[in-house]
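For this one, chain W is given, so just place chain V on it according to the hints.
So you can see what is in the structure, the chains are spelled out below.
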Amino acid sequence: MRLFRRYTPLLAQCILLLLFSACAAQPGALATAPAPTTLAPVSVVQIPLAARQPCADRFVSHTLPFATGARLREIRTYESNGAGLSANDLDGDGDLDLLFASIDRNSAILWNEGGLDFHVQELADPFTRSAQIVDVNGDGLLDLVFSRRGLGGISYWQNRGASAAERFVLTPLPGVESYAYALAWADLSGDGRLDLVAGTYNTELKQHGIAAPETDERAGIFYYEAGEAGYTATRLSPAAEALSIGLTDVDGDLRPDIWVANDFGLEDGVWRWGDNQAAWQAIAPFAQMSHSTMSIEWGDIGNDGKLAFFSTDMNPYDTSPGALARWLPMMNALEEPHLAGDPQRMANVLQVHETGGWRNVAPYRGVEATGWSWAARFGDLDNDGLLDLYVVNGMIASNLFGHLDNGELVEENQALRNLGDGDFAPVPQWGLGATASGRGMVLADMDGDGDLDAVVNNLRSSALLLENRLCAGPGLAVDLRWPGSANPFAVGAQVELVTSQGVLRRDVRASSGYLSGDPLRLHFGFAPQSGLQEVRIHWPDGALSTVTELLPDTRLEVTR
Amino acid sequence: MNATLPAPTLTSSLSQTRFPLLDLLHPRRFGRSALLALAVGLAAGSGLVLLVGLERWMGTALAILVLTPVAVGKFREDRRLFGATAMLLSVLLTVQGGHTVEHIVQWAQYYLLGWPMRQANGLLSAANAEWVHFVWNWGVLLAVIGLMRGGMRNGWAWLLLGVAVGHTIEHSYLLVRHYQVLAELRQMGVAGVTAQGLPGILGQDGWLARSPLTRNSFLCRAPGLTTANRIDIHFWWNVLEMGMLLPAGHVFLKRNH
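Protein chains in written order, with this note's numbering: chain W, 1 to 560; chain V, 1 to 257.
Think of the hints as simulated: they come from the structure by calculation, not from any bench. Even for Gly, the Cβ is constructed at its ideal location relative to N, Cα and C.
Sample of chain W residues lacking proximity to chain V, with all beta carbon distances greater than 12 Å (derived):
| hint | residue |
| --- | --- |
| 1 | His62 |
| 2 | Gly230 |
| 3 | Pro238 |
| 4 | Ala477 |
| 5 | Leu550 |
Sample of chain V residues at the chain W side, in silico, Cβ under 7 Å:
| hint | residue |
| --- | --- |
| 6 | Leu185 |
| 7 | Cys220 |
| 8 | Arg221 |
| 9 | Thr227 |
Partial list, derived from the structure: chain W residues whose beta carbon lies under 8 Å from chain V:
| hint | residue |
| --- | --- |
| 10 | Leu328 |
| 11 | Glu336 |
| 12 | Pro337 |
| 13 | His338 |
| 14 | Ala369 |
Bound conformation, chain W alone:
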């Protein structure tokens, strides 16, 4: 009894602390790779990668001959949201070309001539937001798709395979009539064709004269199912502030779901296909989510076969008094009511699956705050077999940041290295902390040397190519081809690289991140001592192929 009395205060405090700590425990769901059913024979060509430049233990910045927003005298919301870009091999020369959207001038292709030399081809398609390179019609040629500012809708440039000047022809997309801000492509119906999900940014539509966007039948979140004669539209929601759309398996049913990242207080929307109802059903898989979700990214960050989802938001990475003072006037002005049970928090969110469901671990993994963040990408930047994280940030809006020079919140892009134990740590020494106001961004091997470079579409500054000159391990690139199918670039395929040190996983995407497209070419980095065993390809139809006898620092062209 005496002992009990003595330790009762301590026990009570421990209980209180435990109660205090319990606030953050949250449930979620699981995502896994599909189980293969048939074996698909493939032919493989292994092409040596380009020799690397002497390493410098950092990225080297190159200015690209393209800039968006530079012509605007004043940038206000929502010109401030900038534009995206995409990287893919448009002319089949083995080099990744770049497609840039622009809010104030023509969009442009930057043809990659090798050696990080580019020449510009303007497209007569101005005032664009999202830029996507995707084989829309399944003819084996990569087409271009843009969403346009305001009421401009979606533009589709079909690749006719002609010479460079006449290659792309503006063509209607039958049945696609909505306005659009964010776009994403994937085979959602399972018929092999790539379907489209488009979402509007209703706040911007109001600026363009649509007083009540939710009552306008061209505004909202749309699922466009591809068919023989065109697209069949299903409006998933009239409410939309869509900055980004992710098509990935959130609920673990082995089918891609639709995740729309909404700005402001509108919660992100997630839909799954309900077989019983033969309709898209809204679900709520996340106990927490970003408030103003700018972009969505996913990857197997633990090399354990489980996806993690990352979403970006506005949260200063620098909490020094000077940095907070730069943010405060805007934060005070934008404060919104807090709805009961609101799962949103103004911070990046990293969802990992734990017992009971998805849980936000961003605060504990060092990724919760990366500034006024736009695009985020997972990629193995240092070729150590682990997916690192790169986030571009910054804001320009004279109506929000009038107290700052040129109305610009200047921030350093954030590179975070995956430490292998679930944690991420900033690596400013990598030289990725560019201070131009980044919006769309892709990680792609632009010089074909086996490591990932970064390309950023900056607002009011020239686009940047950050060449990877880290002293890093070897790499392996994988291109999938599936000629004769409706999905010749195997969008949706999942690829595993089996090494002596673990299994690395990537998926082929047409689009993700912020207003941007992904390279169809997959990149794997690995430690020099890793033995390469095989590449397993889970094709979108569930078939499995394996490739053995792998050589490091090569590009595999795998044709089914």
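Below, chain V without anything else, positioned relative to chain W:
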């Protein structure tokens, strides 16, 4: 302040009762006047808020003002009956209890009424200023030290002292940051922007969560301590303080009165 406190007296039999704190806090002969003052204060305060449009915090302050003379009389009697330390305990329990109510109101404003964080200021919103929190918590800490010097030394009291020290450090940090941010705003030529409500040591975006010194350490993984919002953090600070103060006072009165 503490040196002037006389030793606990044995002029009453608080230790004989089951719940001596209730006896200490009982208004005794001030019961009627306390009720009357409360009724008048509430009626006047809420009436002026509702009818004249007086700000909510002014109405609350008026009600507290009306109650103050009765409270002073009661505390003087506590001193006469039980000694200075018991009186100090009575004062601390009363004001800290009221303070906890204020935090509960803030919590309700944020979670139940859905008010934005910066508007969920409780009933005495004008008092939700960093310097007020700073002064208040130093006051509480000094009162706890005074109580301990006056004889309230038991396990709970030591825990209370630890919590009060922690809470005071948190508010000292907040005050320093508050004025640093204000100075930065002044340098930028920004006026009329409040720097109230910044993260402190604990909670979301606080020092523990974001310092390079704690990054990727177990300290960053403490749920709640690195993720809770400011309203929750300070609600729990006060719950902890009251949670320690009540048993500390109980044990003290049982042993010394």
